[in-house]
Amino acid sequence: MSFPWAEQYTPKHPVMQWVDEKLPLPRLVYNAVGAGYPVPRNLNYFWNFGVLAGLALVIQLVTGVIMAMHYGANTLVAFSSVEQTMRDVNAGWLMRYAHANGASFFFIVVYLHIFRGLYFGSYKAPREMVWLLGLVIFLLMMATAFMGYVLPWGQMSYWGAKVITGLFGAIPVVGEPIQTWLLGGFAPGNASLNRFFSLHFLLPFVIAAVVILHIWALHIPGSSNPTGVEVKGPQDTVPFHPYYTAKDGFGAGVFLILFAILLFFLPNYLGHPDNYIEANPLSTPAHIVPEWYFWPFYAILRAFTVDFFFIPAKLLGVLAMFASILLLFFLPWLDTSSVRSGSYRPTFKKFFWILVIDVLILGYCGGAPAEEPYVMISQIASAYYFAHFLIVLPLISRFEKPLPLPNSITEAVLAKHGHSDGETAAVPAE
Amino acid sequence: MASVEHTDGEVLAGGDGVRRRDFINIAAVSFAGVGAVAVVLPLIDQMNPSADVLALASTEVDLSDIQPGQAIKTTFRSQPLFVRQLTEKEIAEADKVDPSTLRDPQTLEERTVDGKKQWLITMGVCTHLGCVPLGAGEGENRGEYGGYFCPCHGSSYDTAARIRKGPAPKNLEVPKFSFTSDTAILVG
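In order, the protein sequences belong to chains U and S.
For reference, each letter of the first sequence is one residue, going 1 to 430 in my numbering.
For reference, each letter of the second sequence is one residue, going 431 to 618 in my numbering.
The reader is advised that the hints may include incorrect statements.
To be verified - Derived CB-CB ranges, DEER-like:
id	chain 1	residue 1	chain 2	residue 2	range
1	S	Asp475	U	Leu403	54 to 64 Å
2	S	Thr610	U	Ala209	50 to 60 Å
3	U	Leu390	S	Leu532	53 to 63 Å
4	U	Ile212	S	Leu473	42 to 52 Å
5	U	Asp307	S	Gly618	41 to 51 Å
6	U	Val206	S	Thr610	17 to 27 Å
7	U	Leu213	S	Asp446	43 to 53 Å
As the list claims (entries may be wrong) - Negatives, chain U to chain S, calculated, CB over 12 Å:
id	residue
8	Pro273
9	Tyr298
10	Glu372
It should be emphasised that the hints constitute simulated quantities derived from the structure, not laboratory data.
For each residue, glycine too, the CB sits at the ideal point set by N, CA and C.
Can you make the complete structure from the sequences, with help from the hints?
Structure, rendered in structure tokens:
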């Protein structure tokens, strides 16, 4: 689980020695996120986002359990119980705004974490399992966020639930029974609200369990690093604590400042005014949009407007939306280049940034109304999204000539510092 | 170990190579498997609509106050129902269309009751993803085909509530209904 030169856990206090014999939990922590876990010395700030995602999960768990103390999962009282939390419960407004905006921040850091992995090739062997488990967490997060958004029982809650469960209705033959089964009725109602609450409470703990697996799988080969060159010896690593606990602590400070700005000054910036209107099954809001973190996928869903052979457009959109995520499960085998880091892959790097722009365009179109020119733009952007993973990446992997890799992490670090400033010029690499 | 298994097999296999222990193993695991499935079924089925949700009365609608060109929104099975009296012009527009050119080919006759062609009764549920289309309320956007327009993803329905443009695959569903008198219908 670690490199041979990792520091050993040696409890000095007799009580800690006694605990270590009975239940070596402090040892586990020491070896996982303490001084006993050697980490490449050259991690940059993009490596903060895993810890920040963990922090966001904790914020969601704490505020969520508190929200559940004041919430009534019944269509008659759900909306007013949330308003009551906002107005009457001591610090209830803080809990709810922190929970709602915390979800957004969770997705922000997870998206940055995913794109970090995409750029630096973190999904490649031997870390495929880390990537796959990460995608499982992402899918669980999306399910949890969707169900959580239904709970306030506002207009967007209701119609979001209707549209998203309607996706399953697009499946031939079994679609409608599945949709009815998911909702426990023919339209979102009390049965739907109750089960969504139950699952919204359960899933974060499932996420926490998969996070443990994700970290476990990560700690077998150890973290990747910006050069993509594997650790070769003790000189390439530093202990996680205090080096990266400090670096992550700084990142957490920046994260919390930004979170506080949104939470205290713009708490409704990312929300929809329509969700402050109680759910009304007879009136659809003029413009149904999901939360911003679903926009790229929503754009792909809406990109299909004409039938293709015998497959109806509706089913195509649904298939494409699910495929856009499932595709990522195959990424470790679509990108066959042996060079991990995008820093040493000139062609890959260009297309990576095109993909980033493409996803941003999809996100913008997903939040825009379903009219031209947004429909056409999302069609082109969706096509590129799939082409990137299915055509561009495999081709680059075959034909690209990567830049020469450094011999080791240490060499890369020293060479970089030798060039950038004179202070550390003591040990040039060559 | 090998010799024991050999003896066991030879003594109990009955000559066809099937060991008694294998049989017991498969039988026990199969039985437990059937038991597990029997337990899982109610766990899944409890999510289906409960009896009180299913016990939905049919809906009766009074048509006497609906003027030509006007529509009302009511509910059937807790979902919106559109009841609309078409004008002569709207009927003519719907009849003008060649059904074979439609995505979901149907004529206005097939979607209404004989002799009461002006009464268009449909579910107010877009066949794309289930939004409520606009067009039943006073002054709402009826889309470019004059029927209903779904604001969610831009599906346009014509004056027979047939899908004409946008992502929806089917015409608005016509529920089972019958006229109980000249001015009243029973849906469901």
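Ascending list of hint numbers which this structure does not respect: The structure breaks hints 3, 4, 5, 6, 9 and 10; every other hint is satisfied.
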